[in-house]
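Trainee: What follows is each chain in one-letter form.
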Amino acid sequence: MAKAKVQEVPVVWIQTGTCTGCSVSVLNSVSPTIKNVLIDEVIPGKHISLKFQATVMAGEGEAILHVLENVPKENKGGYVLVVEGAIPTKDGGIYGTLGEKNGKPLPMTSRVEALAKDALAILALGTCAAYGGIAAGKPNPGGYVGTDKFLKSCGISKPLINIPGCPPHPDWFVSTVASVLLLGLPKPEELDELKRPKAFYGQLIHENCPRRAYFDEGKFARKFGEPGCLNELGCKGPVTYADCPIRLWNHGTNWCINAGSPCIGCCEPGFPDLMAPFYQKLTDANLPAIGKLQGKEK
Amino acid sequence: MSKLIVDPVTRIEGHLKIEVITENGVVKDAHSSGMMFRGIELILRGRDPRDAQRYVQRICGVCPTSHSIAATLNLDSAFGLADKIPDNGRIIRNLILGAAHIADHILHFYHLAALDYVDVTKVAGYNGNDPGLNSVKEFIKRGELGPFVPRYEGDYRLSDQINIETTAHYVKALEMRRKGQEMLTIFGGKMPHNMAVVPGGVTSTVTVDKIASFLWRLNELRDFIDSVYIPDVLAVAEVYSDYFEIGTGCGNLLSYGLWDLEGGNPDYTKRKRLVKQGTISTDLKTGTLDPNKILEYVKHSWYDDSSTGKHPSKGMTEPEYGKKGAYSWSKAPRYDGKVYEVGPLAGMAVTYASGEPTVKNLIDSVLSRFKASPKALFSVLGRHAARALITKYVADSMPGWLLQLKPGEPAYIDYELPNEAMGMGLVDGARGALGHWIEIKDKKIANYQCVVPSTWNLCPRDDKGQPGPVEQALIGTKIKDENNPFELGRIVRSFDPCLACAIHVITPKGRTLGIHKVC
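Chains A and B, in that order, give the protein sequences.
Converting from the first sequence to the numbering used here requires adding 287 to each position, the first position being numbered 1.
Converting from the second sequence to the numbering used here requires adding 53 to each position, the first position being numbered 1.
With the rest of the complex left out, here is chain B (with noise of 0.2 Å):
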């Protein structure tokens, strides 16, 4: 039997650590924890509850844009303002989430997760005219190569031509990214942390050249997602197809929807979403959505155990490290007392079975290429393929939104702040199911809960010891070469892990490299 501890975790967001037990090259058992707590829930409470969106959004730098859009629709529904947002408020909210999206999922794709499977050094052998690959030839020449080694070393599998190819897609995906951020911010304001997201609406207005200006920075992404984003995602796809079968996970998945379609519907459970809410499982039996059955345990996490089980309504935060049979910062949330994970893929899962015909053609042309059976999504390739092709849906579908904005008329509604309030605010972020609750007492945060994606992906046991995706999907792969453990990397990073940190394979007692034999 052997220990891999993975920590730190890198080409993630946050600080993590994974562990494994492997018997005979098979993982045995997996614990993801969680290595950082800033306690951002406990910084807000007796601050002003407006300010709440400011705060949330420095949880994550990467993806800042979907706490901004979660804490705003908390407090619209705390301060009445649900089903008033003015439409233009509505758009330019949701293009902003769209942006925010391309340029997130391009990022994951190429910048994090892409080493795992791109072998760069192979633009040495490069002998073309593109400067762009010959810099980065030249630069492997000279010979320090940081950031790019060290690496594990061996299971690169693609050809030279497509690793040369990727590698220019890489550079390229890097001013993609980019101007993406930038499309974001001509409404957005600056990035990241955008500025302009508020209760009530957004504080930018609609101009016609903001529209124009927008409209064809989204077309650049649009050729960029079409014609190579995509093509690179299947191109990988093709030569590592094991991966369809890796890394399956618990087969339930979650969806909050994103995007809202109308606003007249203060529940946001119930509204018209362009992806849309509910759950699913791996035989396609789908449910609706309902946030009264999320409850968050922490008996494996580093809280006093009198706030386990607690609905994130009435949620608390208070720190306990070093107790005992616990392993992470990261809670355990569940839906239903079961095991849920969430991301683009639930989303897109639950809109294909939904029978949305733009999702069923684009989810149905990848697995009729790949002669596979929809069961195939719940892997790491299935993550990667949805993550690409709700990012197609998405950008596919903003030049509608665009023409839908009137310019010179109000994106904002004034209200009062309640004395007393409620507030819950659900939707997708980049990396799945984001919610947020508030409780505002004498018009300050009382309470203020956050159950981010990674937290249902990465969390740890419950307390009926049910582990959470990430270890479910780590437990049972087998490990082809335990001093080089790609598949642990490649299966966590389809999660797209978002803990500001990196998950690290560390030997127990931190000893040599590598391995180490507990028995």
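In isolation and in its complexed conformation, chain A is listed as follows (with noise of 0.2 Å):
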């Protein structure tokens, strides 16, 4: 029996005002692996056709730049975008640009706009593409934004899916990727407010964390190393939504509070402005509001 045609998922990954921090934790996938992803069937019968993405890709240059403009016109409302990193909007967005048009750089804004028109949805991937990020800390010399609100800005209404934290947990980003392979668009009721999926975003650190028990108890850890609840040296868990304590980072080898970290609260719209200074506790103020800092977009 001849094998059925495997359909092609055009996708284009965009790197906008990023570390690659994003890209680097992907690279970090385990099941599947990045080679699952990119090269294999990762979903029977699909595979992702990654047509841009300046970390791993063999070409550079024009000849990139080509397929950036041409995926847009070939693949019209069928290619997924991926956004990595803030917007920088400042000054006609000088600070950050990305080959050349007429002999001038052109600002990332100009791409990610012409990428996202003819999308069929965009996954803004990490902190900084949702919600604007380390880069949009005060005094936010770029002018940079998260993804969905340039969009708005633009005046462009298409599906967005955030996917936030610095870096994002890589199952976090290939299992949205899986959904919609396999399921479609995610309903409206399998985001919350932020445009998060429901399945990852949908506790708190704090109702998970190993070390709750302690909160509980009243044992707080007074310096690092000591055990007990790390709320008196400044852990945002109690107000960041995250599943990091159930899954675990890095193939399931640790995650910020099991090395004795407070978490910093890197998932939250308000990071890092709200959350920082990150080892000064939360107030009392903090705590009866637990998870509403989130509401705050800059």
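I should point out that these hints are in silico values taken from the structure, not numbers from a laboratory.
Fair warning: there could be bad hints in the mix.
To be verified - To give a feel for the contact side, a few chain B residues facing chain A, derived at Cβ under 8 Å:
1) 63
2) 64
3) 89
4) 90
5) 92
6) 100
7) 111
8) 115
9) 197
10) 238
11) 239
12) 369
13) 460
14) 463
We put the beta carbon where it would ideally sit given N, CA and C, even for glycine.
Two chains, two frames, a set of hints: combine them into the complex.
Mentor: Structure follows, in structure tokens:
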């Protein structure tokens, strides 16, 4: 029996104001591995055709800019756009450019706008792409914003999923992609009001923390290396939604709090400004409002 | 005369553009431009100094660990802790930085650099039983070859068999670099952006199970380094041996050293380190490291001219995009007024010249295989070889460090935040000399400056017009085929650039593909 033709799903992954940490995190995916994601049929019968990803792709220069420009023409409404990094909007976008047009550096804003317009859906990967993140920290010298906010300012309305985290866990990304391939775009009730999949961002770190019992008993670490809840050392687990304590990081090897470090709230829209100082205890004023910090987008 | 622009340069970290002018096929002039500005140094002002370590890791998600170490050394010195870190803390930092180097150098050779030399499409002719290679063959047969094409075509010289073998190793290396990061997280918590390295030591504790788990992951990586990584670098070098003479560069190397072997000396320039501090030139003359000789220039950078010629401790970051004569967001650091290259080659060359026996054996064995003099190290292949050898050098040193850890003893010392202080942190990151400077006032960051390896290597001209190391490495290069200027990417990538971007070969005026005649 002849094998059915494999469906190619075009994906364009553009990097804007990023440290590339999201890419490196996705390289750490285990089941499936990054090789499975890029080379194999990640879902039987479907293969992700990664058209553009500057960290891994072989080509460079003009030839690949043509890829970037042709994908929307050749796959109108049929490709997934991944944005990694915040988008520099100040002073006409001069703080981040990618390639040239008519002899002038082309701002990343123009690239993202052109790619988003004709995409099937957009995945904003990492806290920077989702909400602005580190680059948008005060005083936000480059006028960096998250993808959703940027696209709204351009009048572009497309299905968008935020996958925050600094960096995001590879499972959060790969599973979201797999889910789109298997089941189509998520239903509205599957995302929270910040457009995050509830499957990964449905509960507070604090709710599932293995040190939670210490908190309930009032046993607190006063300096690093001590057992006890890390609340006094500034842990932001009580205001951060993510499944890190259950999922664990890097093939289940470890995670922040298990290494004795307080959570710094890297998945939240308030990261970094509302989470800093990182080692300062959340005030009682914050605690009754556990989880509410997330609602304040910069 | 032709002008070639590569924009974006891919398979690097960051946004980079490279522009060269060629005459009769030889590069006459070159410009390297960093194309992104986030202003992390400005974002740091006014914040809690202890938080600096968290922010600066986010400068680069490929080498965050190096930044975390430089930042904590910087903060340790500002807080008066530089000679007080418990041995457990010092050793865990070494292990974390060692794991980062192993994962990073494997990534660099296979996933960033190798596609310049290895023709993955040759796997189409594979006729064996390896399931990994057969899945790659199936992938090629389906015909949707992104992200492996488009690419430059022509100068792929390896035999079919070596192409197929190194492609299998490319896939295997994805797993090994991942395992390197997993090993790091045993003490570091997570990667990228480890959580454990803090001023005063580390937050994680020492237990026997962590030591054992680390050791056996390390052993698997050491097997890979010895039996796959180093042999592959040498196999590529055999076939592309002309690259021992291409991309020579400025001929001056600067190392801050790394992996502290003692904790009692608060002076990072004098402290005993596994890879040594200092300078060295093509004549193998060495010099001692004096950070007071570092000044940064901005005449050709998009920053206000008033900030030129300053020591990083007094450095300023005042953006001025479009400034006449400027072409990069990168500043131009100089040591003693001269242009210096940084990277694993610098540290290994300085350590080699010091006569350290392990490093001497490693480097001499490579040089004798190619019947080359130490001068050949100053080249594209010299940089790749040094990176592979430093990986082996540290990986072979790490089991001993693991055994020095003392379970149950502290890895962290508490401290008071000073009202006012100055600090400096110097360490060689995976891409070379990394310096952080801080000034604290009213317990807040008044000024924070980083001079990162790629600022050294990919910087634009300085106020005297001296081109930066990559610019110098490009100038004089013969381009065999201007439609497929392999040489440019190979030279630039040998420095392992880290700008969160890419080098572009762009045509002036951005018109047609490829080459545009300017005169």
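Trainee: Each of the hints needs a verdict: does it hold here or not?
Mentor: For each hint, the structure was consulted:
no. : hint : in the structure
1   : 63   : holds, 4 Å
2   : 64   : holds, 7 Å
3   : 89   : holds, 5 Å
4   : 90   : holds, 5 Å
5   : 92   : holds, 3 Å
6   : 100  : holds, 6 Å
7   : 111  : holds, 4 Å
8   : 115  : holds, 5 Å
9   : 197  : holds, 4 Å
10  : 238  : holds, 4 Å
11  : 239  : holds, 6 Å
12  : 369  : violated, 13 Å
13  : 460  : violated, 13 Å
14  : 463  : holds, 6 Å
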